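K.L.:
Taking mature numbering (1 follows the signal peptide of the UniProt record, and there is no 0), I'd label the letters of the sequence shown as residues -22 to -1, 1 to 377.
Everything labelled a hint here was simulated from the structure, so no lab data went into it. Keep in mind that the hints are not guaranteed to be accurate.
[Claimed, not checked] Within a straight-line C-alpha distance of at most 25 Å, the following computed PhoX-like cross-link-like pairs (lysine-lysine) qualify:
no.: 1; residue 1: K377; residue 2: K320
no.: 2; residue 1: K339; residue 2: K309
no.: 3; residue 1: K307; residue 2: K291
no.: 4; residue 1: K224; residue 2: K339
no.: 5; residue 1: K195; residue 2: K224
no.: 6; residue 1: K325; residue 2: K339
[Stated by the list, open to error] Listed next, with one range per pair, are the computed distances between beta-carbon atoms:
no.: 7; residue 1: K174; residue 2: G69; range: 18 to 28 Å
no.: 8; residue 1: T356; residue 2: G38; range: 54 to 64 Å
no.: 9; residue 1: A214; residue 2: E163; range: 22 to 32 Å
no.: 10; residue 1: G166; residue 2: R62; range: 23 to 33 Å
no.: 11; residue 1: D35; residue 2: T242; range: 16 to 26 Å
no.: 12; residue 1: E312; residue 2: N59; range: 34 to 44 Å
no.: 13; residue 1: G166; residue 2: N59; range: 41 to 51 Å
no.: 14; residue 1: P341; residue 2: F92; range: 47 to 57 Å
For clarity, every value in this text was computed on a predicted model and none was experimentally measured. Glycine included, every Cβ here is placed at the ideal spot set by N, Cα and C.
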Amino acid sequence: MFKRIALTTVAATALATAPAWATDVKLGVLNDQSGVYADLSGQGSVLAARMAVQDFDAAGKGINVEIISADHQNKPDIASNIARQWYDRDGVDVILDVPTSSTALAVADVTAEFGKIFINSGAATSDLTRANCQPTTIHWTYDTAALANGTGKAVTESGGDTWFFLTADYAFGHALERDTTAVVEANGGKVLGSVKHPFPGSDFSSFLLQAQGSGAKVIGLANAGADTVNSIKQAAEFGIVQAGQKLAGLLLFINNVHSLGAETAQGLQMTTAFYWDMNDGTREFSKRFQAEAGAPPSMVQAGVYAGTLHYLKAVEAVGSNDPAAIVAKMKEMETDDPLFGKGYIRKDGRVIHDMYLMEVKSPAESTGEWDLLKQIATISGEDAFLPMEDGGCAFALAK
């Protein structure tokens, strides 16, 4: 999907007239660069971080920024080992992105151990700001609670009141099923059952047949990336939608919709924090991003940009790379960028901003290769994300 970004280490160097370096910071982009999430994360997230450094003019402000990256292969042990090496030996100050919830939870723990900073954009599990919260974690972009309050609620309220889940068997899938079940039941629906599939998967036929046999009106796909794409394609082969059941892709990215094509994906509803064609700010950024990456940014890559930008603002305000002071400043300052607009960071590390319920356009409605979505509703951040008092984050709720 992406043209290869040649440098995995990028230094923002000062102009001859720039001030002497006031602060050195080292950013590590840790994500899937070769697997099911590479298109929506991968080298595109490295590009997003680099663009944030350039747009902030870090060099001109005396902040010397180095960016490194690595492939965690969606494995928690590999992610933990890289994070530990980066913090202990390589002098990394903050880790960015980290899709795959199980790897994100592992990196959050290592980051807390070293007292560094973790700005997550790629992982979905709301547990990052619930029971597994850490004072050093900032969770940008989206989570399973917001996805449930968007797509899950909309589908249930439109008559999809019986559900069967096809769930990726790891932390993300479990959290998404849990949070969507709560929303379905709160809105008068009923969950008839679920089946877990291996992550990553390839053949979903037996799981889809179980879902079909449940008689549920809605088959909730609690998976992501290539797993979701393949689930939808195989469901089409079985004629599941034509037979009267509805598919709910609980986590879809623009890249997934593009892979499916408007003919297959038309009418699917999805919840997102970002879409390239939302406004002038998103279009301007996306045009620059696509010129280098070959595709518009996913919401994960947009979140890496916004998180990096906010981090650099805090570094400038603090005047050092002290992690505790920077996290405190990030939570003190309002978030404000051209991709997500204004928002704020709660004490538990959850970034609060609007989310959007979107629907995939029909081929007739689409005017270009990436003109794929139309907005159905705006969901305020307070309505999208789980209230902090309901999350169980011990340090945030301490008196």
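K.L.:
Run every hint past the structure and note whether it holds.
P.N.:
Taking the hints in turn, this is what the structure says about them:
Between the alpha carbons of K377 and K320 the distance comes to roughly 28 Å, so the proposed pair goes past 25 Å and is violated. Distance check on the hinted pair: K339 and K309 sit about 37 Å apart at the alpha-carbon level, beyond 25 Å; violated. Between the alpha carbons of K307 and K291 the distance comes to roughly 9 Å, so the proposed pair stays at or under 25 Å and holds. Taken as a hint, the K224 and K339 pair is honoured in the structure, with Cα atoms around 17 Å apart against an allowance of 25 Å.
Of the pairs offered as hints, the one joining K195 and K224 holds, with about 6 Å between alpha carbons and a cut-off of 25 Å not exceeded. This hinted pair does not check out: K325 and K339 have alpha carbons roughly 38 Å apart, beyond 25 Å. Between K174 and G69 the CB atoms are about 40 Å apart, so this pair departs from the stated range of 18 to 28 Å. The supplied range of 54 to 64 Å is broken by T356 and G38, whose beta-carbon atoms lie about 36 Å from each other.
In this structure the hint that A214 and E163 lie 22 to 32 Å apart at CB holds, the actual value being about 29 Å. Taking the beta carbon of each, G166 and R62 are about 47 Å apart, not inside 23 to 33 Å as hinted. A hinted range of 16 to 26 Å for the beta carbons of D35 and T242 is inconsistent with their spacing of about 43 Å. A beta carbon spacing of about 36 Å between E312 and N59 agrees with the range 34 to 44 Å that was offered as a hint.
At roughly 46 Å, the beta carbons of G166 and N59 sit within the given window of 41 to 51 Å. Restraint check, P341 to F92: a C-beta distance of roughly 50 Å satisfies the suggested window 47 to 57 Å.
Checked against the numbered hints given earlier, the structure breaks hints 1, 2, 6, 7, 8, 10 and 11 and satisfies all the rest.
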